[in-house]
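A.B. asks: Residues per chain are reported as follows:
Protein chains: 2
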Amino acid sequence: MKNRVITISREFGSGGRTIGKMTAEKLGIKCYDSELIQKIASESGFDEKYIKDAGEYAPGGFLSSALLNRAFGPTNEDYLWKIQYKIITDLAEKESCVIVGRCADYILKDKADCLRVFIHADMKFRAERIVKVYGERDESPEERLKDKDKRRAAYHRFYTDMKWGHAQNYDITLNSGTLGIENCVDIITKLY
Amino acid sequence: MKNRVITISREFGSGGRTIGKMTAEKLGIKCYDSELIQKIASESGFDEKYIKDAGEYAPGGFLSSALLNRAFGPTNEDYLWKIQYKIITDLAEKESCVIVGRCADYILKDKADCLRVFIHADMKFRAERIVKVYGERDESPEERLKDKDKRRAAYHRFYTDMKWGHAQNYDITLNSGTLGIENCVDIITKLY
Chain A
1 MKNRVITISR EFGSGGRTIG KMTAEKLGIK CYDSELIQKI ASESGFDEKY
51 IKDAGEYAPG GFLSSALLNR AFGPTNEDYL WKIQYKIITD LAEKESCVIV
101 GRCADYILKD KADCLRVFIH ADMKFRAERI VKVYGERDES PEERLKDKDK
151 RRAAYHRFYT DMKWGHAQNY DITLNSGTLG IENCVDIITK LY
Chain B
1 MKNRVITISR EFGSGGRTIG KMTAEKLGIK CYDSELIQKI ASESGFDEKY
51 IKDAGEYAPG GFLSSALLNR AFGPTNEDYL WKIQYKIITD LAEKESCVIV
101 GRCADYILKD KADCLRVFIH ADMKFRAERI VKVYGERDES PEERLKDKDK
151 RRAAYHRFYT DMKWGHAQNY DITLNSGTLG IENCVDIITK LY
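Residue numbers (my numbering), protein chains in the order written: chain A, 1 to 192; chain B, 1 to 192.
Take these hints with a grain of salt, some might be off.
Since copy identity is lost for identical chains, a pair holds within one copy or between any two.
[To be verified] In silico lysine-lysine, BS3-like type, Cα no more than 30 Å apart, as pairs: (1) 30 - 111; (2) 146 - 94; (3) 124 - 111; (4) 190 - 49; (5) 190 - 82; (6) 26 - 150; (7) 190 - 146; (8) 86 - 30; (9) 124 - 2; (10) 111 - 146; (11) 148 - 2; (12) 163 - 109; (13) 124 - 39; (14) 132 - 94; (15) 26 - 39; (16) 82 - 132; (17) 109 - 124; (18) 150 - 2; (19) 150 - 94; (20) 52 - 2; (21) 148 - 49; (22) 190 - 21; (23) 132 - 109; (24) 86 - 132; (25) 49 - 132; (26) 124 - 163; (27) 146 - 82.
Source of the hints: derived by calculation from the structure; they are not laboratory data.
As the structure is a prediction and not an experimental result, all values here were calculated from the model.
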């Protein structure tokens with residue numbers, strides 16, 4: 001136990017995933033992002049798209065339906081959360097790594113030696129980035145970002161009871177828009 | 001205009017003031033903290049203790065009484081805020097510097113090239129630090145810290161309508177408790 005793990009929470013479009021990958025590469029450790037979804041898929045039997053949607057990218061009503069259904073026992077979401085919890089805990093036990101998203105900061109609290117990072121940027125930076133990087137064609141990328149932000153915050157809040165984006169929950173938070181992706185990578189790498 | 005200014009907001013006891021002073025020294029620029037209070041005092045005619053209390057260290061009821069009194073025109077606090085606003089704006093116009101507290105991040109928004117920093121640490125770290133550094137003798141430093149946190153957040157919210165400690169309001173937030181004071185100084189110095 002007590003491997004060193006960098007957990008990265010991030011606003012959609014802020015470059016958090018890229019920063020995670022670049023940092024891991026520099027440090028010669030693995031970065032888990034979509035690999036995590038694959039692991040959860042293979043362990044749970046659900047398909048990857050469902051896990052992605054039911055997780056941070058919850059479709060409209062997911063949280064409220066999860067709450068309603070809970071009266072009748074554990075939901076699919078609770079089942080996935082348990083698997084996610086176990087996979088992330090196992091990873092941290094096995095190796096030092098970077099984990100992007102999936103509430104890893106909360107799951108590994110008191111379990112691993114974590115550097116808890118939050119990456120954010122203003123709307124303009126992120127809107128331009130999702131159009132450029134993901135080729136998003138939406139008429140209003142800003143609306144899509146606002147929606148994503150809301151869902152991620154709600155998901156995080158629901159399962160962790162922590163306020164997403166609140167400085168006090170992290171060791172460091174970085175504005176990738178004003179500081180630049182490279183600077184963020186350098187700072188995290190040096191702190192590790 | 002467009003000097004480079006580092007603004008440091010901080011939780012009481014987190015070492016934000018020390019980090020500001022050390023960073024300024026390393027960069028060979030000035031750090032304004034208590035000097036700011038002196039300037040506000042000499043410009044306003046109020047004494048330094050009053051300004052300190054009426055500012056971030058507002059005594060119980062200050063905010064509510066400020067709200068009530070406002071119905072009858074501007075209050076002392078509004079008058080002080082205007083002077084503080086002008087002094088901080090003038091400073092940024094005159095020189096590159098570090099400014100600790102006093103909502104400088106908000107005041108200089110769009111006015112100077114700012115690196116907006118927030119320093120925080122957990123209760124245990126801060127409680128030990130205020131006893132060690134300030135020789136606080138309270139039976140419960142934790143209670144005092146909670147009270148200070150509340151006042152600073154309320155003051156900030158009242159005058160700036162920004163959420164204090166929300167990552168999105170800063171370029172970088174640092175946990176001085178887990179990262180260490182020296183690391184914080186290094187990171188800010190390099191980013192400057």
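A.B. asks: Decide, hint by hint, whether the structure agrees.
C.D. replies: Each hint, compared with the structure:
1. 30 - 111: within (19 Å within a copy, 42 Å between copies)
2. 146 - 94: For residue 146 and residue 94, neither the intra-copy (36 Å) nor the inter-copy (39 Å) Cα distance is at most 30 Å.
3. 124 - 111: between (37 Å within a copy, 19 Å between copies)
4. 190 - 49: neither (35 Å within a copy, 41 Å between copies)
5. 190 - 82: Neither. Shortest intra-copy (33 Å) and inter-copy (41 Å) distances fail the 30 Å Cα cut-off.
6. 26 - 150: neither (32 Å within a copy, 41 Å between copies)
7. 190 - 146: Neither, since 32 Å and 32 Å both go past 30 Å.
8. 86 - 30: within (18 Å within a copy, 51 Å between copies)
9. 124 - 2: between (39 Å within a copy, 22 Å between copies)
10. 111 - 146: between (32 Å within a copy, 27 Å between copies)
11. 148 - 2: For residue 148 and residue 2, the Cα distance exceeds 30 Å both inside one copy (33 Å) and across copies (35 Å).
12. 163 - 109: both (15 Å within a copy, 25 Å between copies)
13. 124 - 39: Neither way: residue 124 and residue 39 sit 34 Å apart in one copy and 38 Å across, limit 30 Å.
14. 132 - 94: Cα proximity of residue 132 and residue 94: none, with 36 Å in one copy and 39 Å across.
15. 26 - 39: within (24 Å within a copy, 47 Å between copies)
16. 82 - 132: neither (35 Å within a copy, 43 Å between copies)
17. 109 - 124: Only across copies: residue 109 and residue 124 sit 17 Å apart there, 33 Å inside one copy, limit 30 Å.
18. 150 - 2: neither (33 Å within a copy, 35 Å between copies)
19. 150 - 94: Intra 33 Å, inter 41 Å, cutoff 30 Å: neither.
20. 52 - 2: within (28 Å within a copy, 44 Å between copies)
21. 148 - 49: Answer is within: at 16 Å inside a copy they meet the 30 Å cutoff, but 47 Å across does not.
22. 190 - 21: both (15 Å within a copy, 23 Å between copies)
23. 132 - 109: Classified as between; 28 Å across copies, 35 Å inside a copy.
24. 86 - 132: For residue 86 and residue 132, neither the intra-copy (35 Å) nor the inter-copy (41 Å) Cα distance is at most 30 Å.
25. 49 - 132: within (23 Å within a copy, 53 Å between copies)
26. 124 - 163: Both, since 23 Å and 20 Å are each at most 30 Å.
27. 146 - 82: Within. Shortest intra-copy distance 28 Å satisfies the 30 Å Cα cut-off; inter-copy 34 Å does not.
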